[in-house]
Amino acid sequence: MALKWLDKRLKWVFTLPAVLFVALMMVFPLGYTIRLSFFEWSMSAINPPKWVGLDNYKELLSGERFWHDFGITFYFTFAAVIVQMVLGVLIAVLLNRKGKGKNVAKTIFLMPMVATPIAMGMVWLLIFEPSIGVLNTILKTFGLNPLEWLGSVNQVIPSLIIIDTWQWTPMICLLLLAGLTTLPQDPYESADVDGASAWQKFIYITLPLLRPTILVALMLRMIDALKTFDIIFATTQGGPGSSSETLNIYGYILAFQNFKLGLASSLLVLFFLLVLGMTLGVIWLRKRLEVAS
Amino acid sequence: MKRRGMISGYLFTILTVFVLVVFAFPLVWMLLASFKTQIQMQSTSNFFFFEPTMKNYVQVFQENNFMKYIYNSAVVALGATAGGLLLGLPAAYSIARYRMHGLALTILIARIVPGITFLLPWFILFNNMNLIDSYTALILSHMLVSLPFIIWVMIPFFESLPNEIEEAALIDGSSKAGVFVRIVLPISGPGIITSSLMSIIFSWNNFLFSLVLAGEKTKTLPIALFNFISYSEVNWGGLMAAATVITLPIIIIALFSQRYVISGLSAGAVKG
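Sequence lines, in order, name chains B and D.
All residue numbers for the first sequence refer to this note's numbering, where the first residue is 1 and numbers rise by one.
All residue numbers for the second sequence refer to this note's numbering, where the first residue is 1 and numbers rise by one.
One chain only, chain B, in its complex shape (with noise of 0.2 Å):
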């Protein structure tokens, strides 16, 4: 009798468990979320939120810091993924290819995708550090001068993005390596007939073929490295300065430093819509490039 009236009303009993869980954990906290942006408040119980309307806003777009983080959070974001998406592509190409040790290969790239990223700092901590890291040991053994690496306000976003793409690369290859396997063989074929170089087939053949799977790494990836939050804090908290502070770690430091709760907020909240319409912009990208081909 029980079993029965599970039975029909299967679909739901079985998602409902889940759906109440995202939504008490996701969907009610980001309203709270929104909420309290319109609030100002620094978690004392003896000053309850106080409502200011569109101030903490105001405050956020006219002051410099915002503006700042937000150059920062774009200049971090699109170089580290145009240099992911270039790497990643030739790399895949490269591994693509037929012969022994494909796995030994794709096992080694899986290494820097599932350690732990706040270690992976520390270990780049002590690669870049000026003095005793190894970095600046293979500059000085070509006669180049050292650099400041982390510790520079113009060097530490390129720094940055050199772990960035070691770490995150190999996962556009992982993902366009699927997608290699599936492409059809004959355009290959007949392109070898032709008398094709190696080049011209990769132009003219594998990238077009792979676009879609190129698109959604570009998405995933993007969506990611507007978020970077460990790899930044570990090795820079910001610095020098503000260099390096990505609207990402300006919520952290508003929230939970400075506890302006309701400041913290509406930056959170122009950050969630910022992440939402830059994904909504692949998408749309990507829809219209399917027309067009």
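Simulated from the structure, these hints should not be mistaken for laboratory data.
Each hint should be verified, as a subset may be incorrect.
Here are some of the chain D residues that sit facing chain B, going by a computed Cβ distance under 7 Å [claimed, not checked]:
#1 Phe50
#2 Pro52
#3 Thr53
#4 Phe207
#5 Ile246
#6 Leu248
#7 Pro249
#8 Ile251
#9 Ser266
Glycine residues also receive a C-beta, built at the ideal position from the N, C-alpha and C atoms.
We have chain B; now place chain D onto it with these hints.
Chain D alone, transformed into the frame defined by chain B:
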């Protein structure tokens, strides 16, 4: 023609090896440095040949109580994975069988929303409920990463299962829920292994949620490692030993279950 092909073949092999060496380098470097003394660390002549010391590891475990943090990380990772499977497996099955793709998409919003956006309300809420520095708060927060991930990996897996076995069991008079428990789950081993491994890895690596919600009692490994840096002078050997202790279990899991981890990573391509 043939000659040119062979030369470019060698060139590609050399290039591949070079790329792999570059990508493996930081992990090799971490391992080497974890066996070096502070003085050996400063020597630029003996990168690879030196007398290894275990001092750093002894220090990590004796003076810094890393066993406790390993325990905390394991409790949270296993708890979040168990919870994620409990809620996620039935949900994914239902979504796959009844084609509830709208629902699947809604749950995947968790992939897009920056974690810090719901971390702030959680902090306020858990603080009011006296749950900061509790396993409950950590497990619940890590579950929000693992649950959508498990659902995402399991939907295509359940979809790929042949329908005939389930239909045969239904004709034999089994209930739908019974079919799920007695037939579908037992043949879903590979999918469950894949999603569990990924969930454990993401939870083990999670930094932000634990940074805010953990305290002295429940501090996980990444937080302990972060606190290891003292600003006056960095004890690089100790730091690298601690980093190795955190990373090694995950790397070993990944190496031994390579097939599952690769399919998990490419199916979901999710990180917290």
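(request) Please verify that hint: Thr53 (chain D), Cβ, nearest Cβ of chain B, below 7 Å or not. (result) 17 Å, violated
(request) Classify the hint on Pro249 (chain D) as holds or violated, based on whether any CB of chain B lies nearer than 7 Å to its CB. (result) 10 Å, violated
(request) Classify the hint on Phe50 (chain D) as holds or violated, based on whether any CB of chain B lies nearer than 7 Å to its CB. (result) 14 Å, violated
(message) Restraint: Ile251 (chain D) near chain B, CB-CB cut 7 Å. Satisfied or not?
(response) 6 Å, holds
(message) Take the shortest C-beta to C-beta distance between Ser266 (chain D) and chain B; is it under 7 Å?
(response) 5 Å, holds
(request) Under 7 Å, Cβ to Cβ, is where Leu248 (chain D) needs to be relative to chain B, so tell me if that hint holds or is violated. (result) 10 Å, violated
(message) Hint validation: Phe207 (chain D) versus chain B, beta carbon distance must be below 7 Å. Holds or violated?
(response) 5 Å, holds
(message) Holds or violated: the hint that Ile246 (chain D) contacts chain B, with Cβ atoms closer than 7 Å.
(response) With a minimum Cβ separation of about 5 Å from chain B (threshold 7 Å), the hint on Ile246 (chain D) holds.
(message) Let's test the interface hint: is any C-beta of chain B closer than 7 Å to that of Pro52 (chain D)?
(response) 17 Å, violated
Violated hints, listed in ascending order, are 1, 2, 3, 6, 7; each of the other numbered hints is respected by the structure.
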